[in-house]
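*Asks:* Chains U and X, in that order, are what the protein sequence lines are. Okay, so the first sequence: first residue is 522 according to our numbering, each after it adds one. Okay, so the second sequence: first residue is 622 according to our numbering, each after it adds one.
Keep in mind that the hints were calculated from the coordinates and are not lab data. Computed from a prediction, not measured in an experiment: that's the story for all the values here. Among the hints, erroneous ones may be present.
Said to hold, decoys possible - For each label pair, taking beta carbons as the anchor points, the in silico distance ranges come out as: (1) U:Cys-613 <-> X:Gln-718: 29 to 37 Å; (2) X:Asp-797 <-> U:Val-594: 36 to 44 Å; (3) U:Phe-566 <-> X:Thr-703: 29 to 37 Å; (4) U:Ala-598 <-> X:Asp-797: 21 to 29 Å; (5) X:Arg-741 <-> U:Gly-579: 41 to 49 Å; (6) U:Pro-611 <-> X:Gln-785: 28 to 36 Å; (7) U:Cys-596 <-> X:Gly-731: 30 to 38 Å; (8) X:Thr-866 <-> U:Gly-579: 53 to 61 Å.
Each residue gets a CB set at the ideal place from its N, CA and C atoms; glycine is no exception.
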Amino acid sequence: MHELTIASALVEQVCDHARDRGASRVGSIRIRMGALSGIAKALHFCFPSAAKGTLCDGAVLYIDEVPLTVMCVRCDAIKTPSGHYNFRCPDCGHPTPKVITGREMQLASIELVGADAPPAGAHASAGATDNSLSSQGI
Amino acid sequence: MCSVCGCGPGTHHAHSGHEHAGHEHIGHEHHDLVLIEKDILAKNDVYAEANRERFERLGVFALNLVSSPGSGKTTLLVKTITALKKKLSVAVIEGDQQTSIDADRIRETGVPSVQVNTGRGCHLDAHMVEHAMEDLPLVRNSVLFIENVGNLVCPASFDLGEAQKVAILSVTEGDDKPLKYPDMFAAATTVVISKIDLLPYVDFNVERCIGHLGSINPDLDIFQLSATTGEGMEAWIEMLTGAATQAARKALCHA
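Extracted from the complex, chain U is given alone in its bound form:
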C-alpha cells in the first residue's frame, strides 16, 4: 500500500504543476528513486490506477534508480556497499551509517502536453494572471 500513497502523492504534485501551466495532459514523468526505497517496480504497477481520471492518465512513468552509496569515515571516501543490508565499508569493514545516495524519492521532470497551446511560460492564461498580480503589486 505504501507505493500507492507515493504514487498518489506523485500524481497530485504533477497535476498541480500541469494545471498551473495550463496543460491538457501529462505526456511523461521522470522520477528518481533510491535503491533503499525498494518500491520502483511496485510503483510502476500502481501508477496507472493512481493516475486514472487525472491529467496524468496515460502518462509514461520513467524511473531512474539511484544506487546506494555510503560514506566511509575511515577511508574518507564514498563507497558502494556490497548489498542493501550491509552497512559496512566493502574495503575496510568499518560501519558506514551515513547514506550519501539511495534514499531519494524525487520528481525530476515532467513532459506537459497542451493541445495547440503556446510553450510554457508564454501561456495566455498563466501570463494574464502573472501580469495582473504584478500590476496589483504596483
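Chain X: place on chain U using the hints.
*Replies:* Just chain X now, kept in the frame of chain U:
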C-alpha cells in the same frame, strides 16, 4: 495556431517530432519538458513542519512510535502512561487500519486518546496527525504519543513532525531485524528492545542486535525493557520526563 512553427488545427502535414528550443512538437500538440526537482513527499513535509512548529511552540514533546505488528507497542504505552500521568499531561493519537480497540485501551488509563483509522493505508501521515489534533486539543507542556500503524516499512518515509521517532523491536522478532529494515532504524532516533523478560526462551542476541543497530545508526538511543515485569522501565520513563521538561523549557524561552 502554433505560435512556434505556424501550423494550424486541421492541417495534417507530416511534421511529427520536430524540436524547437524549449519545446518539442509532436503532431499538433506541444510537448514541454518542465524540470521540477522536488521531493515526491514534499507536501507531507510541509504539514510535518507545521506540526513540529506547533509542538515546539506549545512545549509538547511528541513521539512517533513505530514497530512491526505485535511488538507490544500498546502494552508499553499503557504502562508508560500509568507511570507518567502522575507528573505530566499525556495524550495519544492511535493509528490503526481498523477498529478503535487501541484507543479504548488507552482511554482506560484516563488520558485522552483519538483513533485514526487509515483504512487501506499502511501508515500515518502528517496531514492525518494535524486533523487528529482537532479532536485532541493539545495541552501546553505535555507529552503526545503518536502510535503509528504496525509496519516497519512505510512509516519510515513519513515525518509527522515528531521530536523523536521510537522504533520498538521485541525479542521475539529476531536480532537481525535492523538489517532487514534498515530504512526504519536509520530514520529512528530511539530504539526500544521490548519483551526482554522472554530472552531466556528465544534465540535473540541483544549484543548482536545492538551491533547491527550501531552499524546503521550510531546515534541511536537504545533502551532494553519489559513492560510486563517493569524491568528497564525506569530509564525509559526518566528519558521521557527529561525530554518533556526540556521541550517545556524551550517553549518558555521562545514565548
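*Asks:* Each hint: holds or not?
*Replies:* Now for the hints, and whether the structure bears them out:
| no. | hint | verdict |
| --- | --- | --- |
| 1 | U:Cys-613 <-> X:Gln-718: 29 to 37 Å | violated (44 Å) |
| 2 | X:Asp-797 <-> U:Val-594: 36 to 44 Å | violated (24 Å) |
| 3 | U:Phe-566 <-> X:Thr-703: 29 to 37 Å | violated (45 Å) |
| 4 | U:Ala-598 <-> X:Asp-797: 21 to 29 Å | holds (28 Å) |
| 5 | X:Arg-741 <-> U:Gly-579: 41 to 49 Å | violated (24 Å) |
| 6 | U:Pro-611 <-> X:Gln-785: 28 to 36 Å | holds (32 Å) |
| 7 | U:Cys-596 <-> X:Gly-731: 30 to 38 Å | violated (55 Å) |
| 8 | X:Thr-866 <-> U:Gly-579: 53 to 61 Å | holds (56 Å) |
Of the numbered hints given earlier, the model fails hints 1, 2, 3, 5 and 7; all others are met.
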